[in-house]
Amino acid sequence: MGTSVGQIDGATAQANVAGDYYGPKMDLKERVCGELQKEVLKGASSTNFKTQHRQKWEDPSSTLDYSTRIEPLFQAFNQTSQTQSLLLCNNQIKVPMQDGSVNDLLQASKIQDWDPSAMLNNLSFLEQKIHQLQDLVYLIIGRKGQVLGRPDELLVQQQQLVTADLTSIIVQLISTAGSLLPSVKQTLSAATTSLGQCGEFGGVVFPSSAQGLNDGVQPQNAGGSKVSELANSVDITSNNGNEQNNHIIEEHELKDEEDAEEGENLLPGTYEILQLEKEEILAPHTHFCTICGKGFKRDANLRMHMRGHGDEYKTPGALAKPTKESSSEPTIIKRYSCPYAGCKRNKDHKKFQPLKTILCVKNHYKRTHCDKSYICSRCNTKKFSVIADLKTHEKHCGKDKWLCSCGTTFSRKDKLFGHITLFQGHTPAIPSDETKAAPVGTSDGATNKVGSVNFNLSSYVSSESDVQSSSMDIKGGINDAVGYFSPLSFDTCNFGGFHEFPRPPFDDSESSFAFLLSRSCNYSQKSGEE
Amino acid sequence: MLSFQSSKNVLSLTEDLLVRIYELLAAESDRKSFRLVCREFRRIDSLTRRHLRVIRIEFLPILLRKYPRLQSLDLSACPRIDDGVVSLLLTRVGPGSNSPSLGHWAWGLKSLVLSRATGLRFSGLEMLTRACPCLESVDVSYCCGFGDREAAALSSAVGLRELNMDKCLQLTDVGLAKIAVGCSKLEKLSLKWCMEITDLGIDLLCKKCVDLKYLDVSYLKVTNESLHSIACLLKLEVLGLMACPLIDDVGLQFIERGCPSLKVIDVSRCEGVSSSGLIFVVRGHRNLLELNAGYCLSELSTALLHQMKNLNHLEVIRIDGARISETSFQVISANCKSLVEIGLSKCVGVTNMGIMRLVSGCINLRVLNLTCCHSITDAAISAIAYSCRSLVCLKVESCNMITEKGLCQLGSFCLLLEEIDLTDCCGVNDKGLEYLSRCSELSCLKLGLCTNISNKGLSYIGSNCLKIHELDLYRCTGIGDDGLEALSNGCKKLRKLNLSYCNEVSDRGLGYIGRLEELSDLEMRALHKITGVGLEAVAVGCKRLADLDMKHCEKVGDSGFWALAYYSKNLRQINLSYCGISDMALCMVMGNLSRLQEAKLVHLSNSTVEGVELALRACCVRIKKVKLFAPLRFMLSSEILEILHARGCIIRWD
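Protein chains in written order, with this note's numbering: chain A, 1 to 530; chain B, 1001 to 1654.
The following block holds chain B by itself, in its conformation from the complex (with noise of 0.2 Å):
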C-alpha cells in the first residue's frame, strides 16, 4: 500500500498512472483501501471499476452512478431482483433520465450475472437486454422459473456470445430455438437440467449456432440424435454430456467423426457409456485435452489404454468409479507426459505400486484425487510428494493408512500445496498438522472426522499458514477454545469454518471467531455449550457472515437472535432448525435482515404457528427458499403460501 508521507508524490501522479497502479490491486479489499484514501483516489476507482457485484440492492442505483463504465454487473447475490426493480433502474438511472450525473450504465455493459433472480420475469428481463446492445454474457442459471418467455426475452440481444441457463427448468426446445435463432453468435451454452429440452432443440441449435464452442448438455434426457448434430459443430471445443441417461456409445461414435476442434469431454455418469464409446472419442481426436469420465467405466480397459497411448497433449483425466491395475498406471505414466490433473476418486485397484508408477512419469501433476483409495499408504504420498513438486491439491478423504510420515514428506516437497482434503484420515494427528503447516500457500484444509487433532495442532496452522480461507473442522472433538483462539490470531483471512459438533466450544471460541473479520459462511451445528452471547459476538465481529448454520444450538436464547438480527446484514443463508428462538426474535430475524434468501426453521421449540406466519410474511418479498415442518403445511395461511409461491419461493416440507 503507499505510505502516507509519499501522499504528496503520489497525488501528482497523472490519472492514467493512478489508473494503472489501480489496475495492479488484484484483492478487492485492496482496491477498498485504495477508494478510502482520497476523493482523487475515488474518481480514479469510479471511472476504472468495470466489474461490480451489488450485494445490497438498496445501494444499486447509487453505485450504478457512480460507475459509468461498468461493463459487468453480478446480481446474482441481490435478493428481491424483480420486474419493478429493473424497469425503476432504467428509467431512473438509464439514458432516459434527465440528470447528466445518471450515467447511461446499460449501454456499455457486457456482462450480466442474473443467477438465482427468481423474482424476475420475462418482461424485465425483456427491458434489461433491450437496454443493453452491447450484452454479450447472461447468466441466468438456477432461475427455476425462466421458460420460453424468458429465452424469448432474451433472445432479443442479439450480440450474445455466452449465456447460462442451468436449471431454468420450465425452458423448451421452444424457447431455445427462440435463442438458436436469435442469439446466432452464441459460442457458450450451458442447459444443464433444462429437463424439457430434446433432440429436436438440440438440432435446431447446432444448425443455427455454428460458431459454439462449448455446449453442456448435461443431466437432459437427449438420445444419440442430439450427438449427431452436435458433431456438425466445427468450433465446438468443450462438450459436457455429464449423466446424460439415454446416450450410449453409438452416439459417441457420431463424435469420433465429428466435432474436430474438440478439447474436453465430459461423459461422466453416463449410464449407457461404456469403453467402446471412449475409444471412438479416443481415437477421433488425438488432441484431447481432458476426459472426464468418471463414474461411467466398471474398468479401465485395456484397448482403451491402447487408445489413450495417443492422447499426449492429455491433462486431466477423472475415471472416478473404474476398476484399474498397476499396469495401467504405467501406461498412462509412460505417455501422457502432460498430465495435470487425475481423479481416481473411489477407483478399485489404486495401490501404493500403481501410485508410484504414475508418479514416476507425470511429475506435472498438480491435482491428485484420491478421495476412498483406502489402501494407499505413506509410501505412496511420499512418493507422490517426492515427484510432483508442483502438487496444488490432493485429495486423501478416507485414507485412513495415512500417518504423520506422508505429511511430513508434503510438508517437505510440496510448499506450493494449496489445497489438501484430510477429512476421516484417522491418522492425522497434532504432529502431521505441525508438518503439514510448512506449506504456507495452504489455502483449504479439511480435517473433518479427524478426532485426533486437539487444540496443539490447530495452533501450528494458525501460525503458520495464514492464507488458510477455508477449514473444515466437522466433529474434531478434540478441538476447544483455545484452538480457535490460535486460529483467529493468524488465519485472519477465514472465509468458511464449519466448527460442527466440536462440543468443547463455549462463548469464549465463538469471542474469537468474532474477531474473523473476513468470515462469511459459518456451520456450528450442535454446540451444546453456546448461548446468546457467543451467537452476539459472532454476529457483531463477523460482518460479512453470509451463510450461518446453526441447526441444533439449543441453549442460544434470544438475546442473540436479537444481535444477529441487528448486525448480520449480510446475512443470506439461516439454519435455525431444532433452535430455542422465540416468535419475537424469528419475526426480528427473517424480517430485518434484508439479505436473507434461504431459510431451514424446522422444529422451532419455542415458536408458534401464528409466530412463523408472521415471519414469513416479514421476509415474503425476498425469500427465496426455505424449509418448514411439514405440518405447518395445513397451519399456516393459504395466502402466505400464495404469496411466497408468486414470488418464486420454493418451500421445502420437512
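Chain A on its own, in the form it takes in the complex (with noise of 0.2 Å):
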C-alpha cells in the first residue's frame, strides 16, 4: 500500500507527460475533500436525518422553518467564500473527526466485494434523491406566493439551495467512486490528522450545512460499506450520458494500443513498473475540477472548463499544457502492471509483460477481468466489458457474414479462416439462401416451359418428368417414355425418303428415338462405352 501511493503520484506525472488524456490523474486533495465532507455529513446526519427527513417533506408547516433555518448558513457562506459556488467551500473546510470512522469505512470498502443486489439498491437510493430534488424544486415553485416580501434574496437562497443538492449529489458520485481506491484512503488517513488543527469554522458552520446538502445525499445511516457499493455502482453507470461519445472516441482510437505493444521487448529493469488499483483503474474521470468537483477524463478538458471559474484561469499559463517537471532529468520508461494476481500483465508473473499506458491498463482491466456487462441489443448474444468495443461491435452487428459450422460468426473472413485453422473439425459454414436456387427445380422449371410452348414434343415432357421423380421402370416397356430425350426424333416428324439409308451392321441408330432407359434392353448385347 505504502508504495502504491508513491506510484500513484509517478503515474500522474506521467499521464501529465504522455498527453492530458485520460490518465488517471486524480487531484488527491480534492478527492480526500470529498470523502472527508462525505464523511461529514454522515456524522452530522447519520443520527436524525430520517426522522428529520419525514418532518421536514410530510410536514408542510415544517417548510417554513426548514428555510429560515438554511438560510443563516447561506449567508454564513457567503460570508466566508465570496463565490456562489458552494463547493469551493469543501476545499477549505477543515473539519475535525474522529479517525475511528474513516478507517471503519476503509476497512469496509476493503473488504467488501461487489455485490449486484446492493448495486441495484444503490442505484434505486440515487434515482430517489434525484426525485426528492425535484420535488423541492416543485416545492419551492409552489411556496413562491408566499415569500413575497424578501424576493432576490430567497431567490439566490433557493439557488443555492437547489446548486447545493444537485452539487451533493455529484459530490457523492464522485467521492464514493473515490472512496474504494486505497492509495486515496491512504492520504486521506494522512490527512485527517492534520485537518484536525485548522476546524475551527468548519464546526460551526459544516454540521448545519451537511444537514441541507444531506437532504438530497445521505439518507440513511449509510456505513462504509454502502458508500463503497455506491462507488462500485457508479463505475457500472458511469459510461452513460453525455460523455458517452467522448468515451468511445478516446478508447476506440486506442484501442490496438494494448495489442501493439505485445511485442515490445523492454529488459526487466530498464523501466519503472507501477501498478493502479482495481478501483481507480474503474475510475470514470480523472481530472477533477478543484472548484465544482466536476469531473473530466482529459486534462484539457478541465483546463478548458477552469475558465468559467473567473480570469485568473484564463491566462495563457493556466490555460498551457503542464509542462514536464523532469525534463531536466532523464525520463524513466514508465509501464504498468494489472493488479489482478496471476494475471500475465501483473507484475509477479513468471512471464510479466507490461502494459504501455494507463489507458491500456484500464482497457485490459475491464477486458479480462471485469464482467462483460454491455450485450449488444441487436443480437443478444455478444457481450463486452468496454463500451466502446460494443459500439465497435454494433457497427458490424449483423454484417457478419462469415459463419462458423459451431455457430461462432466473425466480420472478417480472416478471422474466420484463423478460427478453422484452430479448431479442429469447424468448417466455414455456407449460407442456406442458395439452397431455394437448387438447379434440379431450375431444370424442371425449364422443361415445363419447353412443354408450354406449342411444339410438336410427343411425350417430351411428361417423360421428363418421370424421370425426375425416379418412377420410371429401367427394364420399361417402349411406351414408357417415348422420345425421352430426343424431342425431334424421326417418329415424331415424318421426313420421308430418309430411311432408306443404309443401315451399318452394328448400328444403333435406334437410339435417336430412343431415351434414357426405355429401350436399353434392345442393347444389351452392345456396348455403349468406349
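Among the clues, some could well be false.
Said to hold, decoys possible - Result set (BS3-like, lysine-lysine): computed pairs, CA atoms no more than 25 Å apart in a straight line:
{"id": "1", "chain 1": "B", "residue 1": "K1221", "chain 2": "A", "residue 2": "K415"}
{"id": "2", "chain 1": "B", "residue 1": "K1551", "chain 2": "A", "residue 2": "K401"}
{"id": "3", "chain 1": "B", "residue 1": "K1627", "chain 2": "A", "residue 2": "K413"}
{"id": "4", "chain 1": "B", "residue 1": "K1207", "chain 2": "A", "residue 2": "K401"}
{"id": "5", "chain 1": "B", "residue 1": "K1496", "chain 2": "B", "residue 2": "K1032"}
{"id": "6", "chain 1": "B", "residue 1": "K1627", "chain 2": "B", "residue 2": "K1551"}
{"id": "7", "chain 1": "B", "residue 1": "K1551", "chain 2": "B", "residue 2": "K1600"}
Stated by the list, open to error - To give an idea of the chain B side of the interface with chain A (calculated C-beta under 10 Å), a few residues:
{"id": "8", "residue": "R1149"}
{"id": "9", "residue": "D1173"}
{"id": "10", "residue": "G1175"}
{"id": "11", "residue": "D1203"}
{"id": "12", "residue": "K1207"}
Unchecked claim - Simulated restraints, written as ranges between beta carbons of each label pair:
{"id": "13", "chain 1": "A", "residue 1": "K401", "chain 2": "B", "residue 2": "S1338", "range": "30 to 40 Å"}
{"id": "14", "chain 1": "B", "residue 1": "G1159", "chain 2": "A", "residue 2": "T408", "range": "20 to 30 Å"}
{"id": "15", "chain 1": "A", "residue 1": "K344", "chain 2": "B", "residue 2": "G1159", "range": "37 to 47 Å"}
{"id": "16", "chain 1": "B", "residue 1": "K1185", "chain 2": "A", "residue 2": "S405", "range": "16 to 26 Å"}
{"id": "17", "chain 1": "B", "residue 1": "H1645", "chain 2": "A", "residue 2": "F423", "range": "49 to 59 Å"}
{"id": "18", "chain 1": "A", "residue 1": "K344", "chain 2": "B", "residue 2": "H1645", "range": "31 to 41 Å"}
{"id": "19", "chain 1": "B", "residue 1": "E1299", "chain 2": "A", "residue 2": "E394", "range": "54 to 64 Å"}
{"id": "20", "chain 1": "A", "residue 1": "S405", "chain 2": "B", "residue 2": "C1038", "range": "49 to 59 Å"}
Just so you know, the hints here were simulated from the structure itself, not pulled from any lab data.
Built from N, CA and C at the ideal position, the CB exists for glycine as well.
Two independent chains are provided; combine them into the complex using the hints.
Dropping the structure here:
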C-alpha cells in the first residue's frame, strides 16, 4: 500500500507527460476533501436524518422552518467564500473528525466485495434522491407566493439550495467512486490528522450545511460499506450520459494500443513498473475541478472548464499544458502492471508483459477481469466490458457474414479462417439461402417451359418429369417414355425418304428415337462405352 | 487374338487364367473383340473390368449392372448428367434396389470423372459422394458453375486423395476450406482458374492437408503469402504456379527454404518471376526433376546457369521465350546429363552450334521442342538424329530451313520417333516425307502449311506409317483425293485428321475418309468441292466421329445433314458456321444427335430465327456450349435463353 501511493503520484506525472487525456490523474487533495465532506455529512446526519427528513417533507408546516433554518447557513457561506458555488468551500473546510469512522470506511470498502443486489439498491437510492430534489424544486415553485416580501434574496437562496443538492449528488458520486481507492484512503487517513488543527469555522458552519446537503445525499445511516457499494454502482453506470461519445472515441482510437505493444521487448529493470489499484482503474474520471468538483477525462478539458471559474484561469499560463517537470532529469520509461494476481500483465507473473499506458491498463482490466455487462441490443449474444467495444461491434453486428459450422460468426474472413485453422473439424458454413436456387428445380422449370410452347414434342415433357420423379421403370416398356431425350426424332416428324439409308450392320441408330432407359434392354448385347 | 480352332482349349481354361489373358489386352478394341467371342468371355469381361468410360448415358444403367466391380467411372463424355439422372441411378441401380442383379456399383467406386458435367449440382454431387464410400479420386474440372456448395458436397468424401477442380469458377475460399477440413487425406489438388481463391484459402489448405503431394494453383491471384504457406508442405512434390501474376522472386525465396520433397515446379508465364527467383528454387532443391520456366525469363543468366550445374537429376527443363547463348548449351550439356526433355520454343539465340553442343551431352533426350527457332537447319537436325537415338517427339514448327536432308537423318536414326511437328516448314517435300515414313512408329504428324507436299508424299506415309493416329494437313493445297485414298488404305488407326483448306478434296476423297472407322475428329473447313454426298459417306463410315468442323462448306446440302443427323450418333462437337443448312435439317441435326454438347451456328445462310430457336429447343437439355450470331440475341425468345442458361449452357455471341 505504501508504495502504491508513490506510484500513483508517478502515474499522475506520467499521464501529464504523455498527454492530458484520460490518465488517472487525480487531484488527490480534492478527493480527500470529497471524502471528508461525505464523512462529515454522514457523521452529522446519521443519527437524526430519517426523522428529520420525514418531518420536513411530510409536514408542510415545517417548510418555513426549513427555509429559515437554512438561510443563515447560506449567509454564512456567502461570508466565507465570495463565490456562489458551494463546493469551493469544500476545499477550505477543515473538519475535525474521528479517525475511527474513516478507518471503518476503509475497512469496509476493502473487505466489501461486489454485490449486484446492493448495487441495485444504491442505484435506486440515487434515483430516489434525484426525485427528492425534483420535489424540492416543485416545492420552491409552489411556495413562491408566500415569500413575496424578499424576492431577490429568496431567489438567491433557492438557487443556492438547489445547487447545493445537485452538487451533493455529484459529489457523492465522485467521492464514493474515489473512496474505493486504497491509495486515496491512505492519503485520507494521513490528511485527517493534519486536518484536525484547522477546523474552527468548519465546526460551526459545516454541520448545518451538511444537513442541507444531506437532504439530497445521505438519507440513511449508511456505513462505509454502503459507500463502497455506491462506488461500484458508479463504475457501472458511469459510461452513460453525455460523456459517452467522448468516451467511445477516445477508447476506440487507442484500442489497439494494448495489442500493439505485445511485441515490445523491454528488458526487466530498464523501466519503472507502476501498478494502479482496481478501484482507480475503474474510476470514470481522473481530472476533477477543484472548485465545483466536476470530473473530466482529459486535463485539457478540465483546463477549458476552469475558464468559467474566473479570469485567473484564462491566462495563457493557466491554459498551457503543464510542462514536463522532469525535463532536466532523464525520463525513466514507465510501464504498468495489472493489479489482478495471476494475470500475465501482473508484475508477479513469470512471463510478465507490462502494459504501455494507463489507457491500456484500463481497457485490459475491463476486458479481462470485469464482467461483460454491455450486451449488444441487436444480436443479444455478444457481450463486452468496454463500451467502445460494444459500439464497434454494433457497427458490424448483423453484417457478420462469415459463419463457422460451430455457429460462431465473424465480421472478417481472415478471422473465420484463423478460427477454422485453430479448431479441428470446424468448417465455414455456407448460407442456406442458396439452397432455394437448387438446379433441379430450375431444370424442371425449364423443361416445363419447353412443354408449354406449342411445339411437337410428343411425350417429351411427361417423360422428363417421369425421370425426375424416378418413377420410370428401367427395364421399362417401349411406351414408357417415347422421345425421352429426343424431342425431334424421326418418329414424330415424318421425313420420308431418308429411311432408305443403308443401315450399318452394328448401328444403334434406333437409339435416336430412344431415350435413357426404355429401349436400353435392346442394347444389352451392345456396348455404349468406348 | 485367339484362333477359333483352339477355342475348345481356350474355353477349357479356368476363369483365373482367362482373367489373366484378358488383363494383357491393352487396346480397348481388342477387349471389345474379346468380349464378343462368347458368353463366357463376356462374363470374364464383366467380372474383370475396373474402368468404364460412358459415352451414351442411356446405356449407363445396364453397364453399371453389367460391371459390378467397377472402380473407375468416367462420365465426362456424357451429356446431360444432372441431379435427376444421378438420383435415378442411385435409387434404381444402387444398393436400395430389390433386384439382385443390380450391383452395388457405387460401393466399390474409387474414381469418378465428372469433368464438364455442367448439369450436375451440389445435391446430385452429394448423393454421389454419399453413395460411394471408397471414393479416392474425383474430377470435376471445367464444371464452371461449381462453387462452394458443390465443394461442400465433395468434402463429405473423407477418403478423397485426388481432386481436380480446374475452372470451378464459383469456388471461393469458403468452399476450399470445406474441402481442406473434410478431405484431410488429400494428396493431389488442382485449382487452376478458380479465380476466387485467395491466400487465406491456400493458407488454410496447407495447414489442414499436410499430405499434399501435388498442388496446382495456376492462374490464381495468389501472392507470395501463399507461397509462404505452401513452403510448409513437407511432402509436396509437384507445384504448379503457372501464370500467377502476383507471385515474384520474394515468394520463391520461401520455396527455397521449404517444400523439401519438391521435384517439379512450374513457374511459366509468371510475370513477376525472374532469374534470381529461379536461383532461389534451384539452390534449395538439388534434386529437382522438372523445371518449367517458359515465358518468364528474358534471359538464361549465367548466375542461374551456375546454379543449374548442381541439378544432376534434372529431367525436364522448359525455358521457352528466353534468350540463350551457345555457352549456356555447353553448360547444360556438361551437367544435366539426365535431361529427357528440353523446351526451347521461341528462344532467341538457338543456333546449329548450340544444338550440336547440347545433344553432344544430353544423349537421352526424348522430347525436343524447337518451335520457331528459325535459324536452325539440317545440320542441327542431323546432329539431333545422330545423338539422340531415342528421340520420341520433335517439334520444329516454322523452322523453314529444314529440308529433306534433315528428315533423311531422322528417318535413318530416330526410329522410335512418334511425333513430329513440321507445321509451316516449307522445306518439307514429298522426298522428305518418303524419308520420314521410315519412322514406322510415327503416330502424330503435323504438316500444316507444307504446301510443297502432294499426294505422292502422302502415299509414302499411308503405306509405311500404319500407326498414325493424328495427321494435320491444314492448307496442304497439294493434297487431293488420291492422297486420301492412299491414306485410308494404310492409316486405319487415324483418329484425328485436319483437311481444312485442302481445296482439291472432293466427295470422292471424303468417300475414302469414310473408310476410316476410328476417325473421331475431322476438321474440313472450306472444302468448296464437297457436297452432301461426301458428308453422307463420312457420316455413314466414320461411326466414331465426335468432332466435326465443316465451317464454310457451303455446297453441302440438306441430304448430307440428314445423314449426319441419322448416323453420327457419337458426335459431340459440330461447327456448322457459314453452311447452307436449312431450318429443318438444323433441327434434325441438333435434335437427333443425342450426344451433341457443343455447336457453332454462326451465319447460317439458309436458316431463319425460328429454325435456330427450334433447333435450340430440341437440344436444350444436353447442349453445353453454343455459339450464335450476335443479332440473334434479341431475336430469340428470352424463354429459350433462360432455359439454356438454367441448364448450364454457355452461349457465345459472335
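Status of the hints after comparison with the structure:
1. B:K1221 <-> A:K415: Between B:K1221 and A:K415 the Cα gap is close to 20 Å, so the pair holds against 25 Å.
2. B:K1551 <-> A:K401: violated (50 Å)
3. B:K1627 <-> A:K413: violated (39 Å)
4. B:K1207 <-> A:K401: Roughly 23 Å separates the two Cα atoms, so the pair holds.
5. B:K1496 <-> B:K1032: Holds, at roughly 21 Å.
6. B:K1627 <-> B:K1551: At roughly 13 Å apart (the allowed maximum being 25 Å), B:K1551 and B:K1627 satisfy the hint.
7. B:K1551 <-> B:K1600: Judged against 25 Å, a Cα distance of about 9 Å means the pair holds.
8. R1149: holds (6 Å)
9. D1173: At about 7 Å, which falls below the 10 Å cut-off, the nearest Cβ of chain A leaves the hint on B:D1173 intact, so it holds.
10. G1175: Result: holds, 8 Å to nearest chain A Cβ.
11. D1203: holds (7 Å)
12. K1207: It holds, given that the least Cβ distance between B:K1207 and chain A is near 5 Å, below 10 Å.
13. A:K401 <-> B:S1338: 30 to 40 Å: Violated - the Cβ-Cβ distance for A:K401 and B:S1338, about 53 Å, lies outside 30 to 40 Å.
14. B:G1159 <-> A:T408: 20 to 30 Å: holds (28 Å)
15. A:K344 <-> B:G1159: 37 to 47 Å: About 43 Å separates the Cβ atoms of A:K344 and B:G1159, which means 37 to 47 Å holds.
16. B:K1185 <-> A:S405: 16 to 26 Å: Holds: the Cβ-Cβ distance is about 20 Å, inside 16 to 26 Å.
17. B:H1645 <-> A:F423: 49 to 59 Å: violated (39 Å)
18. A:K344 <-> B:H1645: 31 to 41 Å: violated (58 Å)
19. B:E1299 <-> A:E394: 54 to 64 Å: Distance hint for B:E1299, A:E394 holds at roughly 58 Å.
20. A:S405 <-> B:C1038: 49 to 59 Å: Holds, at about 56 Å.
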